[in-house]
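Protein chains in written order, with this note's numbering: chain S, 1 to 292; chain F, 1 to 274; chain C, 1 to 364.
If you are wondering where the hints come from, they were derived from the structure by calculation, not from laboratory data.
Remember, it's a predicted structure, so these values are computed and weren't measured experimentally.
Beta carbons: idealized from backbone N, C-alpha and C, even for Gly.
Among the hints, a few may not be true.
Okay, the calculated beta carbon distance ranges per label pair [said to hold, decoys possible]:
no.: 1; chain 1: S; residue 1: LEU98; chain 2: C; residue 2: GLU312; range: 17 to 23 Å
no.: 2; chain 1: F; residue 1: ILE191; chain 2: C; residue 2: GLY75; range: 24 to 30 Å
no.: 3; chain 1: F; residue 1: PRO163; chain 2: C; residue 2: GLN190; range: 44 to 50 Å
no.: 4; chain 1: C; residue 1: ARG59; chain 2: F; residue 2: LYS183; range: 40 to 46 Å
no.: 5; chain 1: C; residue 1: ALA7; chain 2: F; residue 2: LYS190; range: 47 to 53 Å
no.: 6; chain 1: F; residue 1: VAL194; chain 2: C; residue 2: ASP210; range: 42 to 48 Å
no.: 7; chain 1: S; residue 1: VAL187; chain 2: C; residue 2: GLU312; range: 34 to 40 Å
no.: 8; chain 1: S; residue 1: VAL187; chain 2: C; residue 2: THR132; range: 51 to 57 Å
Computed list of chain S residues with no C-beta within reach of chain F, every gap over 10 Å [unchecked claim]:
no.: 9; residue: GLY53
no.: 10; residue: PHE78
no.: 11; residue: GLY100
no.: 12; residue: ALA113
no.: 13; residue: THR136
no.: 14; residue: GLN147
no.: 15; residue: PRO185
no.: 16; residue: VAL187
no.: 17; residue: ARG228
no.: 18; residue: ASP231
no.: 19; residue: GLY242
no.: 20; residue: TYR253
In case you want the letters, here they are:
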Amino acid sequence: MARLSGWFTRHPLWVLVIPLGLVAYFVYGGLLWNFWVSVSDWRGLVPSYSFRGFDHYARLFSDPVFWTSLKNTAILFFTIPLCILLGLGVAVLLDQGLLGSTVFRNLYLLPFALSFVVTGTIWAWMYNPTSGIINTLLRSIGLGALQGTWHTSQRTVMGSIILALVWQFSGYAALVLLAGIRSVPEVQIKAAMLEGASKFRIYRKIVFPQLRGAIATTIVVVMMYALRSFDFIWVLTGGGPGYASHTLPIMMYKEAFQATRFAYGSAIASVLLVLVLLILVPYLYRTYRRGK
Amino acid sequence: MRRSALVRGLLYLGLLLLTVFYLLPLWGALTTSLKTDAEVDTTNPLSFPQRPTFEPYGAAFSYLRRPLLNSLLITLGGTLGSVALGAMCGYVLANFRFKYDNLVFLLITVGIFLPFQAILIPLFQTIRSLGLYDSVLGLILAHTAYGIPMCTLMFRVFYGELPSSLVKQALTDGSGPWRTYLKVVLPSTKIATVTVLIFQFTSIWNELLFGLVIGGPRSMPATVALNNLAGTLAAQWNVQMAGSMLLAIPVLLLYIFLGRYLIRGYMAGSVTAT
Amino acid sequence: MAEVKVADLRVTYNRGRTVAADDVSFEVTDGEFCILLGPSGCGKTTVLHSIAGLIRPDRGEVRIGDQVVTSVEGGVYVRPQDRNVAMVFQEYALYPNLTVWGNLAFPLEARGMRKAEVRKKVSEVAELLGITELLKRRPAQLSGGQRQRVALGRALVRDPSVFLLDEPLGNLDAKLRVQVRFELKRIQKQLKATMIYVTHDQTEAMTMGDRIVLMKDGKLVQVGPPRELYEEPRNLFVAGFVGMPPINLLHCTVVSSADGLLLDAGEIKLPAPETKREKLSPGMRLVVGIRPADIAWEGEGIPLEVALEGVEPMGDSVIVHGSLGSIGLTAKWALPEIQESDRVKFVLNPEKLHLFDPGSGARI
Numbered sequence: 001m002a003r004l005s006g007w008f009t010r011h012p013l014w015v016l017v018i019p020l021g022l023v024a025y026f027v028y029g030g031l032l033w034n035f036w037v038s039v040s041d042w043r044g045l046v047p048s049y050s051f052r053g054f055d056h057y058a059r060l061f062s063d064p065v066f067w068t069s070l071k072n073t074a075i076l077f078f079t080i081p082l083c084i085l086l087g088l089g090v091a092v093l094l095d096q097g098l099l100g101s102t103v104f105r106n107l108y109l110l111p112f113a114l115s116f117v118v119t120g121t122i123w124a125w126m127y128n129p130t131s132g133i134i135n136t137l138l139r140s141i142g143l144g145a146l147q148g149t150w151h152t153s154q155r156t157v158m159g160s161i162i163l164a165l166v167w168q169f170s171g172y173a174a175l176v177l178l179a180g181i182r183s184v185p186e187v188q189i190k191a192a193m194l195e196g197a198s199k200f201r202i203y204r205k206i207v208f209p210q211l212r213g214a215i216a217t218t219i220v221v222v223m224m225y226a227l228r229s230f231d232f233i234w235v236l237t238g239g240g241p242g243y244a245s246h247t248l249p250i251m252m253y254k255e256a257f258q259a260t261r262f263a264y265g266s267a268i269a270s271v272l273l274v275l276v277l278l279i280l281v282p283y284l285y286r287t288y289r290r291g292k
Numbered sequence: 001m002r003r004s005a006l007v008r009g010l011l012y013l014g015l016l017l018l019t020v021f022y023l024l025p026l027w028g029a030l031t032t033s034l035k036t037d038a039e040v041d042t043t044n045p046l047s048f049p050q051r052p053t054f055e056p057y058g059a060a061f062s063y064l065r066r067p068l069l070n071s072l073l074i075t076l077g078g079t080l081g082s083v084a085l086g087a088m089c090g091y092v093l094a095n096f097r098f099k100y101d102n103l104v105f106l107l108i109t110v111g112i113f114l115p116f117q118a119i120l121i122p123l124f125q126t127i128r129s130l131g132l133y134d135s136v137l138g139l140i141l142a143h144t145a146y147g148i149p150m151c152t153l154m155f156r157v158f159y160g161e162l163p164s165s166l167v168k169q170a171l172t173d174g175s176g177p178w179r180t181y182l183k184v185v186l187p188s189t190k191i192a193t194v195t196v197l198i199f200q201f202t203s204i205w206n207e208l209l210f211g212l213v214i215g216g217p218r219s220m221p222a223t224v225a226l227n228n229l230a231g232t233l234a235a236q237w238n239v240q241m242a243g244s245m246l247l248a249i250p251v252l253l254l255y256i257f258l259g260r261y262l263i264r265g266y267m268a269g270s271v272t273a274t
Numbered sequence: 001m002a003e004v005k006v007a008d009l010r011v012t013y014n015r016g017r018t019v020a021a022d023d024v025s026f027e028v029t030d031g032e033f034c035i036l037l038g039p040s041g042c043g044k045t046t047v048l049h050s051i052a053g054l055i056r057p058d059r060g061e062v063r064i065g066d067q068v069v070t071s072v073e074g075g076v077y078v079r080p081q082d083r084n085v086a087m088v089f090q091e092y093a094l095y096p097n098l099t100v101w102g103n104l105a106f107p108l109e110a111r112g113m114r115k116a117e118v119r120k121k122v123s124e125v126a127e128l129l130g131i132t133e134l135l136k137r138r139p140a141q142l143s144g145g146q147r148q149r150v151a152l153g154r155a156l157v158r159d160p161s162v163f164l165l166d167e168p169l170g171n172l173d174a175k176l177r178v179q180v181r182f183e184l185k186r187i188q189k190q191l192k193a194t195m196i197y198v199t200h201d202q203t204e205a206m207t208m209g210d211r212i213v214l215m216k217d218g219k220l221v222q223v224g225p226p227r228e229l230y231e232e233p234r235n236l237f238v239a240g241f242v243g244m245p246p247i248n249l250l251h252c253t254v255v256s257s258a259d260g261l262l263l264d265a266g267e268i269k270l271p272a273p274e275t276k277r278e279k280l281s282p283g284m285r286l287v288v289g290i291r292p293a294d295i296a297w298e299g300e301g302i303p304l305e306v307a308l309e310g311v312e313p314m315g316d317s318v319i320v321h322g323s324l325g326s327i328g329l330t331a332k333w334a335l336p337e338i339q340e341s342d343r344v345k346f347v348l349n350p351e352k353l354h355l356f357d358p359g360s361g362a363r364i
């Protein structure tokens with residue numbers, strides 16, 4: 001045991017050989033393999049990797065579906081400011097020291113805990129144009145004129161997806177932002193109050209400027225969900241109508257696993273990876289530097 | 001500070017409106033899931049059924065029984081695997097210094113943000129060549145591997161909150177690293193362990209993509225089955241809502257009884273920025 | 001500036017289960033430096049927050065100048081921001097996102113003061129405190145002492161009627177503390193400011209205060225100038241809390257002898273002080289307090305030969321620990337050093353003894 005312990009403290013990395021091996025293989029090995037597939041002509045089943053260079057990427061950039069998917073992926077980013085604005089409002093409301101604030105916070109966070117498959121199914125029912133919840137509700141309160149075709153029409157499908165995602169994520173944004181607000185030392189609030197600042201002024205001049213970290217967290221987390229937002233869209237629209245709600249993850253899945261154009265699918269995945277890295281690297285670099 | 005009744009009233013009104021916004025879809029799903037086919041077509045979806053029926057649940061359950069069992073096995077296996085391996089990484093990275101330790105941590109945490117599409121084809125190939133396609137074991141393996149990064153991050157955060165003297169003391173007292181972990185670290189971080197377990201449980205239970213790609217008719221998890229149900233029974237909203245409820249129930253129970261831990265998990269998952 | 005009057009204040013927490021302050025009444029005159037002193041948890045900060053209006057008491061009245069700002073019985077409660085009091089917190093409460101200039105200007109801008117006037121006031125105060133060259137920095141770039149001065153500046157900039165300071169030197173190192181203590185006192189005199197200052201440090205209280213309000217367990221124990229608390233402590237608690245090194249306490253019995261009444265502490269027998277004779281009777285038990293500074297090394301009095309236990313040189317003075325059997329005594333002498341030896345002479349002045357009732361702790 002003693003000898004083993006000495007070995008442990010001298011080579012802690014070797015203790016982690018199983019988890020590190022799994023991560024190395026499945027994450028980093030996977031990424032390399034995926035890139036390798038994207039420059040081959042592999043079509044699944046029979047392994048025949050002959051080098052095709054960047055043909056798939058070239059084809060991708062002339063594929064209108066790719067541009068639609070890229071555009072929709074970008075449109076999904078609108079979820080972020082909406083979540084932050086709504087989340088900030090909710091967080092301020094929850095910060096007023098009202099009785100039951102924690103219960104309300106937990107209710108608002110509930111959608112975030114649910115599976116995208118559950119929420120996607122439920123929102124399909126919400127948006128159903130004939131007997132769905134929203135249109136029925138609008139009719140019953142005399143606002144029938146506002147009825148929409150929601151996720152079934154090309155024009156409104158992305159807006160419908162964003163609304164549902166805001167519904168699901170803004171409770172999380174509120175949770176993180178509320179924690180940020182609460183981490184501002186109370187003595188600063190007391191001091192500002194004593195100095196005659198109004199509530200509004202205290203939030204604007206003292207609390208909000210100190211929320212940078214919390215907002216950065218919310219942005220990164222919501223953005224990651226948006227970039228990976230496969231499950232919800234797949235369940236709600238399957239990428240339709242037509243290609244109207246195709247995003248890069250949806251397009252990749254359809255190309256690779258429905259059309260079995262694996263090499264083409266992996267090229268899409270590589271582009272998606274680059275996009276994620278563009279956002280992630282500065283963020284992780286900051287965290288890494290701080291860790292040092 | 002005391003406020004006027006009017007202001008308090010308005011603030012509560014705001015809170016109630018938000019409650020309606022966040023809970024309306026769930027309420028609609030619940031009422032619909034308790035209605036007969038006829039009632040779904042004729043009544044307002046938000047009204048509570050005149051005679052609640054569990055028939056839709058019966059129909060959904062008969063379709064989802066096997067997938068729910070699969071989901072349970074996959075989730076338990078994947079949770080235990082990723083939490084055990086992640087805890088090891090978290091313990092070592094939080095308490096032992098070695099060359100490039102920060103880099104190793106960084107490289108692991110990148111996995112949290114990984115777009116799964118970028119490894120989907122290699123995963124599919126690997127699982128197939130291991131002969132694990134359409135098997136519960138294959139899904140457990142995938143969830144274990146891709147769960148390690150998040151578990152590592154959370155455990156490192158939680159173990160980092162322990163006073164560092166605690167572990168150092170035990171080590172200098174001659175307790176080996178394994179013993180120290182089992183006798184000192186683990187007992188004093190029970191809440192952390194529960195937090196990560198619950199977080200992983202809900203994440204894996206809720207997941208769709210892996211089930212879609214490496215699952216099949218025999219190993220299909222409930223998320224995939226529910227999505228298929230929607231495809232095959234397009235009009236039967238009451239059955240679909242009942243299925244959604246069945247899928248949501250384990251998470252809802254955890255949320256109601258152990259919500260504190262789940263929320264702590266959400267917060268810990270976001271500490272990298274703050 | 002204004003005077004402050006606190007009358008019959010009672011504050012409870014946890015719905016009345018914890019009494020933080022009770023029956024607290026005192027006055028602070030215009031331009032006075034008043035210290036709220038006491039061990040932690042004695043309720044001094046609660047009283048300060050009640051004056052500021054950050055806490056609403058369960059009973060009592062607070063008056064600032066001519067205005068009643070809190071009166072539970074009269075149903076009066078003026079909001080903190082309308083009381084024209086300035087507060088300095090132990091944690092400084094600097095706004096980390098604003099520069100020093102922004103911090104100093106914040107209370108003025110919050111009241112809607114014109115820009116030109118804000119600029120004038122801020123630079124005046126910055127000059128007074130010698131922080132003009134720091135105006136562009138942020139709190140994170142300042143040292144502890146500099147932060148403390150900015151916090152003080154934020155209070156000064158407003159021309160308040162009363163300054164409330166909550167352990168403002170608590171986060172400074174010992175050397176800086178002495179320096180800021182002196183500076184704070186100078187500014188207070190210069191501005192003729194009314195200041196109420198909370199601390200648990202009796203040295204701060206003794207050196208800065210015009211008057212000390214000493215509290216314990218939520219109640220006032222003694223109110224008076226520092227000298228009075230030192231020379232005529234009302235009870236054992238005051239005697240023990242005020243003075244450094246702490247007072248020597250001996251348990252005695254009064255016995256009569258040929259020379260009159262004696263205070264018998266076993267190894268030591270002291271003649272009872274003339275002024276207290278009529279209050280004493282044989283058989284009475286009491287506690288005798290002797291200030292270390294009242295034990296001389298020569299001159300008139302009762303000489304005692306004690307065993308030398310240890311010496312703490314302080315530079316300009318020495319603290320001498322001696323013992324006589326089971327009794328330990330500490331003396332403070334204004335000598336740079338003393339000769340190391342086994343025995344040493346302590347000279348006690350019987351008229352400077354403090355007598356207390358051992359049961360109630362009250363002064364006799």
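| message | Tell me the numbers of any earlier hints that the structure contravenes, in ascending order. | response | 1, 2, 4, 6, 8, 11, 12, 13, 17, 18 and 20
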